[in-house]
Each structure stands twice: as C-alpha cells, then as structure tokens.
Amino acid sequence: MMKMNKRTKLILTIALAVAVMLLLAYLDANRAQYSYGIAILQRSAIYAIVAVAMNMLTGFTGLFSLGQAGFMAIGAYTVAILTIPVEDRPSVYYINGIADALANASLPLWAALILGGLLAAFVGGLIGIPVLRLKSDYLAIATLGFSEIIRAVIAAPQLDRITNGSYGLKSIPNFGSIYDVFIIAFLCILVMILIINSSYGRAFKAIREDEVAAEAMGINLFKHKGMVFIISCFFTGVSGGLLAVFMRSIDSKTFQVMLTYDILLIVVLGGLGSITGSIIGSFLITAAREWLRFFDNPLIIAGFQIPLFRSGFRMVIFSLVLMAIVLYYRKGIMGSKEFSWDGLYRFIHRLLSRVRRKTPGKEANHHE
Amino acid sequence: MSDKRSVLRLDDITMQFGGVVAVNNLSLEVNENEIVSLIGPNGAGKTTAFNVITGVYAPTNGAVTYYGETLVSNFPQSKMKKMYAGENLGKYTEAIRRTPDKITKMGIARTFQNIRLFKELTVFENVLIAKHMNTRAGILSAACRLNYKEEKSMREESMELLDIFGLSGFKDEIASSLPYGQQRRLEIARALATQPKLLLLDEPAAGMNPQETNELTEFICQIKDDYNLTVFMIEHHMNLVMEISDRIYVLDFGKLIATGTPSEVQSNQRVIDAYLGVTEDGE
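Protein chains in written order, with the numbering used here: chain A, 49 to 416; chain B, 60 to 342.
Please keep in mind that the hints were generated in silico from the structure rather than gathered at the bench.
Hints are not guaranteed to be accurate.
As the list claims (entries may be wrong) - Partial selection, computed: residues in chain B whose CB lies under 7 Å from chain A:
(1) 149
(2) 191
(3) 253
Just so you know, even glycine gets a beta-carbon here, dropped at the ideal spot from N, CA and C.
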C-alpha cells in the first residue's frame with residue numbers, strides 16, 4: 049500500500065490547522081447566528097482538556113481515578129471568585145457578604161486559571177498521598193469519595209463568605225473572544241502530549257503495563273504516580289476554571305459525580321491511551337448530546353403522536369448508543385492508537401474497497 | 060573463593076507468610092564475578108528468596124548485605140512475634156527496608172520467572188524505560204525537551220544493547236509479539252540497561268528447547284565477562300546449571316540442604332533424594 053511521504057503529511061496538517069482557524073474566524077464573524085454552535089465547540093474544547101488529563105491517569109498510567117468533578121470544582125471556584133468584577137460582588141454575595149480578604153482580590157483570567165490549576169494540584173497532592181497506595185477499583189472509589197467531599201466542603205455553610213455556599217456564584221465575566229478557550233485548550237493539551245512523549249511518559253506507561261516490573265526497572269512508583277496525579281489535577285483544575293467562565297454561573301451541583309462520568313465516557317469512547325481519541329471523543333459526545341435533542345420534542349407523523357418522543361427520551365437513546373459502542377466497539381474510537389494521516393488513509397482505503405466489493409455483487413443480483 | 064569480594068550475602072533469612080515458612084534460615088554468599096545458582100524442587104522458596112533480595116518482600120527475620128552495606132534487615136514484629144516459627148529470634152534488631160526501585164538503583168537487576176515485559180510497548184521502549192531511572196532532568200524540563208542530550212544518549216545506549224542482544228531487527232515490534240526465546244532475551248537486555256553489578260536471573264531458560272538453552276548458556280557467560288557482572292540465578296535446566304555455575308546452593312522446603320561446586324552437589328545424596336533423583340533425570 050502506498051505510504052504518504054512527510055511533505056504530504058505536513059501539508060495536510062497545515063491545511064487542517066488553517067481550516068480550523070478559518071472555521072473559527074467565520075464563526076467569530078457571524079457570532080450572533082452561530083452562538084449555539086460556538087457554545088458546543090467551546091464546551092467540547094473544555095471537556096477535551098479534562099478528558100486528556102483523565103486519560104493521562106487512566107489510559108497512560110493505569111490509575112483509575114474518578115475525582116475529576118471535585119478538582120474541576122476547585123478550579124472553577126477559584127476562577128469564579130477571583131474574576132467576578134469587584135463592583136458586582138455585593139450583589140453576588142448578597143446574603144452572607146464576601147470575606148474581607150477577597151472583597152477586592154481580583155486577577156486576570158489567565159492568572160486565575162493558573163492559580164485554580166495550582167490549587168487543584170495542591171489538593172490533589174494532599175489526597176494523593178493516602179489514596180495512591182490503593183489499586184484499581186479501590187482507587188476509583190476513594191477518589192470518588194474525595195471528589196464528593198470537596199463538593200460538600202465548597203457548599204458548607206462555614207465557607208459561605210468565600211464560596212457563597214449553596215447559592216452558587218454568578219456574574220462571571222465571559223471570555224474576551226471566542227478564541228480564548230481554543231487557545232488555552234490547545235496549550236494545555238500540547239503540554240500533556242509533551243509530557244507523555246518524554247522519558248517520564250514512558251515511565252508512566254511502564255507502570256500501567258506492569259507495576260512490579262516497572263519498580264524492578266528503578267522507577268519509583270509512589271513518586272511517579274504522585275507526579276502524574278498532580279499534573280492531571282492541575283489541568284483538570286484549569287478546565288474547571290474554563291467551565292466556570294463558559295457557564296457564567298456555577299454552584300456546587302454543577303460538579304456532581306455525573307460530570308466525572310461524562311468525562312469518563314469521553315475517555316473510554318475515544319480510546320484509553322489515545323490523546324487524539326479523547327479529543328475526538330469530547331467533540332463527538334458533546335455534539336451528540338445536542339443533536340439528540342431531536343428525540344426530546346414530540347414527534348407527530350400523519351397526525352399520530354409517537355408516544356416515546358418526550359423530554360428525557362434523548363438520554364435513553366444516548367445510553368443505548370453507548371451500550372452498543374461498549375459492547376461492539378470495546379476499544380473506543382481510536383483504541384490506544386493516535387490519529388495519523390496514514391491511519392486515516394488506510395481507513396478510507398478499507399472503506400472504499402469494501403464499497404467496491406459490494407457493488408458488483410448487487411449488480412449480479414439485478415441481472416437475475 | 061574467599062579471596063574474592065563478597066557481593067551479596069544473605070544472613071539467616073526467614074520469610075514466613077502467615078503460618079507458612081517459605082524460606083527458613085537461609086544464609087548464602089555470592090562473590091564478585093561468580094556465577095552462583097540456586098536450585099531446588101518447585102515450591103522450595105527460590106523465587107521468594109529473590110523477592111526478598113530485590114525488596115518485593117521484607118523478610119520476617121534476617122539481613123541481606125550488598126557490598127558490605129545492609130540492604131534489608133528485619134526481625135519479627137507485631138503479630139509475627141507470636142507466630143514466628145523460625146530460628147535466630149533476637150539476633151536482628153534493626154528494621155531496614157528498601158523499595159525495589161532503590162535496590163535496582165544500587166545495582167541489582169533481575170528478570171522474572173513468568174516474563175514481565177511491558178507487553179504493549181515496543182521492544183525499544185522496553186529497554187529505554189530501564190534508562191529512565193538515571194534521568195537527571197525534572198518532568199518539566201523533560202517535557203520541554205531541555206534534556207535532549209540525555210535523551211539522545213539514552214536512546215543510543217538502548218540501541219547498542221539491542222544490537223548486542225541481536226534484537227535491533229525487532230526494535231519497533233510490540234514486545235508481546237516476539238517469540239518466547241526472544242522475550243527472555245529482551246528481559247535480560249532490559250535488566251542490563253539498568254547497568255547492574257549483580258544480575259539475578261529467575262529461570263532464564265524456562266520453556267527453552269535444548270538448542271536455545273545452549274545459546275543462552277554461552278550468552279550468559281559472555282555478558283558476564285563483557286559487563287563484569289556477578290550472576291545469581293535460579294534454574295531447572297541441570298545442563299546449564301552444572302556447566303556454568305561456580306557454586307550451587309540447593310534449597311528444599313525453604314531450607315538450605317547442600318552447597319558446593321557442581322560436582323560436589325551432583326554427588327550429594329540429600330540433593331539426589333530431594334531434587335536430582337536418579338542421575339539420568341537431571342540430564
């Protein structure tokens with residue numbers, strides 16, 4: 049089979065990048081018309097960060113963690129508290145007032161995002177010390193528990209003057225331009241890709257493959273697991289911060305376990321151990337949820353109302369599709385492979401040859 | 060033998076799991092540039108002894124010394140105090156533990172009885188990972204590729220090892236797709252990539268046919284000389300053991316029953332009864 053040379057690949061990659069930029073520029077120019085589409089793309093990009101961060105833990109290091117929602121909450125609250133305009137704060141904290149130290153503390157978005165990430169990483173580090181001694185399912189359960197604890201702490205009345213307790217935070221200023229999310233997502237994912245492809249990334253993979261052998265190769269399990277956990281928490285925190293800005297108002301219910309499951313779904317569907325899989329997965333799933341809204345509206349065919357079409361039916365279909373995928377397409381979209389032009393070429397080639405093989409068969413049938 | 064420097068010494072090692080004494084009061088010594096074998100019937104506690112040396116298990120009682128430095132030392136504590144069924148109680152009062160990665164960094168590398176390669180990774184990556192423990196770069200500088208020089212030399216050294224082991228042709232193959240004999244070879248290559256002084260081989264010839272075993276015999280002698288290694292191995296292929304071992308230790312039910320040169324061990328009645336059986340059996 050023909051293989052593409054490097055130049056063709058480079059041209060294709062540049063073409064793809066230009067196409068994406070043109071698309072974004074077009075959407076930006078017609079913001080009013082495409083606001084819905086832009087929102088879907090932004091949410092997808094935010095989910096892509098946290099999905100890749102989770103994949104780094106689950107897919108590359110073999111640590112099954114379910115604490116994403118908690119760490120996103122830390123990032124989200126940090127960003128929200130520090131970016132709500134000072135003049136709007138009295139109206140946001142109208143019931144309990146804001147803590148004096150925070151009343152005038154304000155940071156630009158980028159700094160708040162980094163701080164949110166660092167805070168999430170710090171908490172992740174603290175939680176990691178006891179939790180990372182656990183393996184597989186136990187680790188998942190423990191992180192899940194800690195994630196709920198973080199959520200409960202945020203909503204606790206004692207923190208009313210900081211997190212506004214169960215009232216949530218609103219009036220979070222929007223992004224400066226629609227590019228912000230995509231640029232930040234690109235940078236975050238780039239850093240994670242670089243880490244995974246470094247010597248440390250190989251050590252993470254070794255831990256996933258065989259802990260005993262990895263340790264016998266001189267890899268300090270605790271140090272490396274701690275490292276990957278903290279890094280993953282950092283980017284999860286950043287994406288939580290972006291989510292807060294995207295949603296404009298957050299409360300502790302935003303960060304329930306369901307959010308973690310959404311991300312898990314993206315990671316598994318995209319393919320454990322595939323970064324491009326996670327990215328494709330996040331765009332596909334976020335978009336699919338919206339496309340499937342069609343099932344939520346009553347459907348009337350020839351004066352007869354199909355009984356199942358009502359609000360909530362969308363999620364039934366969604367779950368069925370997922371079940372089918374998990375049953376018949378277990379490795380996800382990408383498996384553990386990364387996207388490559390060669391791979392795409394082979395895929396199209398296979399598809400075409402399958403179509404070609406079928407067509408003569410059909411013609412033969414017609415003749416009979 | 061006594062004029063050589065002692066590399067590894069086990070003193071009164073007892074390993075007890077609950078009520079089962081897997082290794083009972085084992086003392087042995089491996090000297091520099093020797094090939095020493097540990098043999099014995101299945102379940103005699105050979106691999107357990109290896110696991111104690113490499114830090115996978117902490118012994119219940121006893122000490123392991125490596126180049127004069129205490130590597131591991133333990134005595135029965137808490138619940139084990141009452142249950143302890145071994146000897147030399149009270150002789151050791153220090154509890155020193157080292158994790159397997161630290162022990163590997165000190166220069167002891169091992170292979171595993173049931174091959175433990177990084178199955179989904181390529182042959183090259185398998186060796187390259189063993190080089191990771193020497194990286195001086197932090198994770199951030201590694202991510203930014205500031206350690207490209209180090210990375211380059213890691214890659215070159217790994218490639219060199221693959222060449223020596225005749226595996227460079229399989230460089231980009233997935234490790235689990237290699238034929239069995241090559242997988243064993245790769246495991247030894249990977250262990251050597253950690254630049255050990257002492258190499259522990261746990262049944263390196265398991266599942267190999269006579270021809271492969273012969274190749275392996277030569278190969279072990281060769282790498283021992285090339286890398287100035289001391290080799291301590293567990294093996295069931297008696298041809299291999301008798302041919303290359305300087306000394307042999309024989310374990311049965313966790314206890315040392317004989318020690319000596321191959322010819323001494325071969326003629327030892329206790330060894331014949333417990334393990335070798337009628338002479339043809341071992342050949």
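Task: Hints that the structure is at odds with (numbers, increasing) - done: 1
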